[in-house]
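Novice: When you get a sec, could you build the whole thing from the sequences and use the hints?
These are the residues of each chain, in order.
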Amino acid sequence: MTERREIRIEVPVLARVEGEGALDLAIREGRITALRLHIYEPPRLFEKLLEGRSFQDVPDAVARICGICPVAYQMSAVRAIESAFGVEVTSWVETMRRLFYCGEWIESHALHIHLLAAPDFFGCDSVIALAEKEPEAVRRGLRLQALGNEIIRFLGGRSVHPVGVCVGGFHRSPTAAEAATLRQRLIEALPEAEALVGWCAALPLPEDEQDFECVSLAESGRYPMMGERIVSDRALDIPIADFAQVFEERQVPHSTALHCLLRGRPYLVGPLARLNLHLGQLPPDVRERAAATGIRWPSRNMYHSVVARAVEILFALREAIDLLAHYRETGQPAVAVRPRAAEGFGASEAPRGLLWHHYVFDEAGYVRQARIVPPTSQNQARIEEDLAANLTAFGLERDEVALRLRAEQVIRNYDPCISCATHFLRLRLERS
Amino acid sequence: MKRAVVCVGSPFGDDALGFAAAPLIEARLAPLGIPVWTLDRPGARLVQALEGLDEVILVDAVVSGAPAGTLHRLEEEAVLRQVARHTSTHGFGLAEALALSRRLGRGPRRWVLYGLAIASPRAGFGLDATLRAALPALVAAVCAQFERQEGDET
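If you read the protein sequences in the order shown, they are chains E and B.
Position 196, counted from 1, in the first sequence is what the numbering used here calls 196; the numbers after and before it change by one each time, with no gaps.
In the numbering used here, each residue carries its 1-based index in the second sequence increased by 1000.
For the record, the hints were derived by calculation from the structure and aren't laboratory data.
Keep in mind the model is a prediction, meaning the values are calculated, not measured.
Treat the hints with care, since some could be wrong.
Claimed, not checked - Here are the computed distance ranges between Cβ atoms for each label pair: (1) A1030(B) with V360(E): 46 to 56 Å; (2) E400(E) with G1033(B): 53 to 63 Å; (3) V1063(B) with V401(E): 26 to 36 Å; (4) E207(E) with G1033(B): 51 to 61 Å; (5) A1030(B) with D362(E): 24 to 34 Å; (6) A402(E) with L1032(B): 47 to 57 Å; (7) R1110(B) with R143(E): 17 to 27 Å; (8) G1033(B) with P191(E): 29 to 39 Å; (9) L1032(B) with R371(E): 51 to 61 Å; (10) A1066(B) with R265(E): 46 to 56 Å.
As the list claims (entries may be wrong) - Below, in silico cross-link-like pairs of lysine to any residue (SDA-like), each with a Cα-Cα straight-line distance of 25 Å or less: (11) K48(E) with D362(E); (12) K133(E) with G1093(B); (13) K48(E) with F1125(B); (14) K133(E) with G1105(B); (15) K48(E) with P1011(B); (16) K133(E) with A1123(B); (17) K133(E) with R1122(B); (18) K133(E) with R1102(B); (19) K133(E) with L1080(B); (20) K48(E) with L1080(B); (21) K133(E) with G1043(B); (22) K1002(B) with P135(E); (23) K133(E) with R1045(B); (24) K133(E) with E1051(B); (25) K133(E) with P1011(B); (26) K133(E) with R1106(B); (27) K48(E) with E1051(B); (28) K133(E) with L1104(B); (29) K1002(B) with L1024(B); (30) K1002(B) with R140(E); (31) K133(E) with Q1082(B); (32) K133(E) with L1053(B); (33) K48(E) with R1122(B); (34) K133(E) with A1095(B); (35) K1002(B) with E1075(B); (36) K133(E) with E1076(B); (37) K133(E) with G1052(B); (38) K1002(B) with L1080(B); (39) K133(E) with F212(E); (40) K1002(B) with R139(E).
All C-beta atoms, glycine included, are put in the ideal place defined by N, C-alpha and C.
Specialist: Encoded structure:
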């Protein structure tokens, strides 16, 4: 006998995510009839705010889009601007940008694992409750997060909305003594990052294999942070300039963030997509740690994204230590930039995934047009698809509390940054 | 005993209260060698700032429903009662940071929050005239607490 049952679950405020969102779920006679991830933070209008501003203002303005991943916004922006103006940066700048990025991955991933994701797996409603059950793990997480912030401060002057970046490089070259002190602290933290991978893999992560396309940047010969090509595990391989021809952003009525589709289908960006695509680019010892978790990579289980984050923390720490090994101060932390009328594209791998920027400048270097596609809007359609499959497999007959908790866990797997994703809604005026 | 004053705020509107109070408190507490820090967001970074302290005074703008400029003084448990049960990172604030710090056993044994009631957070620059008028009383209350202790010890 089929049970006739109608359920409507409303999660008016999603807990433990970056920013404010909500979820509506309607179940009728054992089937999901409506599932909507609402993003109701107001549109932020950043792209419009940038219009008419000088290219020099862009890195500091876009850093304000997110307090967790300002480096990503700055790096995608400066690379887009430099590509427009034909600027070649020095190898010192390239190296320091990668170091800067390592800091952000460590800080953002450590925050997500400990403050947002892990409490679920210990039956805790918050990190405060988790701190009672796993105090050492929470302390370790906070130390790693602080270390990531320290790397950002080393180059950015401060860890939130850093101000050290300019088009062409950085405003200042840190001293060799500062670099040596930082490197030593990173070396000391390596055992903690190694232990974190095991701790995350030991969490009681549900089994939930799904079919999805993984998308990330590719960077020649190394694990991608910044790159010129976008690749997928289904044979996508395009220059970043072609993004808008292949990926389509759509408005949906229930969200102030745009949905982004690849060939009309949802897809995944972020740590799990990166690890699935570029495991071979990790240093052998990090790869071994990833393999020792017992997870068979590439993984189709989104719950493994928390382990992917821990692996990326270890990788970023190792990478930062290597990048600082031969640090030399420079008298030229930035190259000269001469604006011209041109357009440019820049992309980087924000902690949550691919972050794509496109700018059009006039001959004096003022922004005529800006377009920013953040990772959360790219993952939004995938989150809804995942929720439908996961909750159906989990059992739609379960009680409301269980379904709500499960739905929140699924959403948290993507570490959505709702503040970043809220976007300006284009006005469509119909007159009759 | 390691003591500090942490002033929480932002450059905007009445939320700038902590930033406006910080230099005034710093000047007055300088003879006691008590550091005064400003923090633009009280989340996980406040947990780190509190590590190793024995006692801390926190200064922040407070939305309490009381008339703007009302001076509030809240001790430990009164602050902890403000912890939100479910919160996004945007809601991980001062009370949550203090609760986490206490749970980890690394934070101060004693804390007091001094705040002035504000009508509501608003955009723009500069404190409302009512708050500007109430600022000296806030600074005096914060400083008097540490100055009194110093007097008791000597």
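Novice: Does the Cβ pair R1110(B), R143(E) satisfy 17 to 27 Å?
Specialist: With Cβ atoms ~24 Å apart, the hint holds.
Novice: Sort out whether F1125(B) lies within 25 Å of K48(E), counting only the CA atoms.
Specialist: holds, 23 Å
Novice: For the pair supplied as a hint, K133(E) and F212(E), is the alpha-carbon distance within the 25 Å limit?
Specialist: Judged against 25 Å, a Cα distance of about 35 Å means the pair is violated.
Novice: When you check the alpha-carbon spacing of K48(E) and L1080(B), does it fall within 25 Å?
Specialist: violated, 41 Å
Novice: Please verify whether K133(E) and G1105(B) have alpha carbons no more than 25 Å apart.
Specialist: holds, 13 Å
Novice: When you check the alpha-carbon spacing of K133(E) and Q1082(B), does it fall within 25 Å?
Specialist: Roughly 22 Å separates the two Cα atoms, so the pair holds.
Novice: Given the hinted pair K1002(B) and L1080(B), is their alpha-carbon gap at most 25 Å?
Specialist: holds, 22 Å
Novice: Are the Cα atoms of K133(E) and E1076(B) separated by 25 Å or less?
Specialist: Holds - the C-alpha atoms of E1076(B) and K133(E) are around 22 Å apart, at most 25 Å.
Novice: Please verify whether K133(E) and G1052(B) have alpha carbons no more than 25 Å apart.
Specialist: holds, 22 Å
Novice: Does R1122(B) lie within 25 Å of K133(E) when you go C-alpha to C-alpha?
Specialist: Roughly 39 Å between the alpha carbons, so the hint for K133(E) and R1122(B) is violated.
Novice: Can the restraint linking K48(E) and P1011(B) be considered satisfied, given a maximum Cα separation of 25 Å?
Specialist: holds, 23 Å
Novice: Hey, K133(E) versus L1104(B), does the alpha-carbon distance stay inside 25 Å?
Specialist: With Cα atoms ~10 Å apart, K133(E) and L1104(B) stay inside 25 Å; holds.
Figure legend: structure checked against the earlier numbered hints; hints not met, in rising order: 5, 16, 17, 20, 25, 27 and 39.
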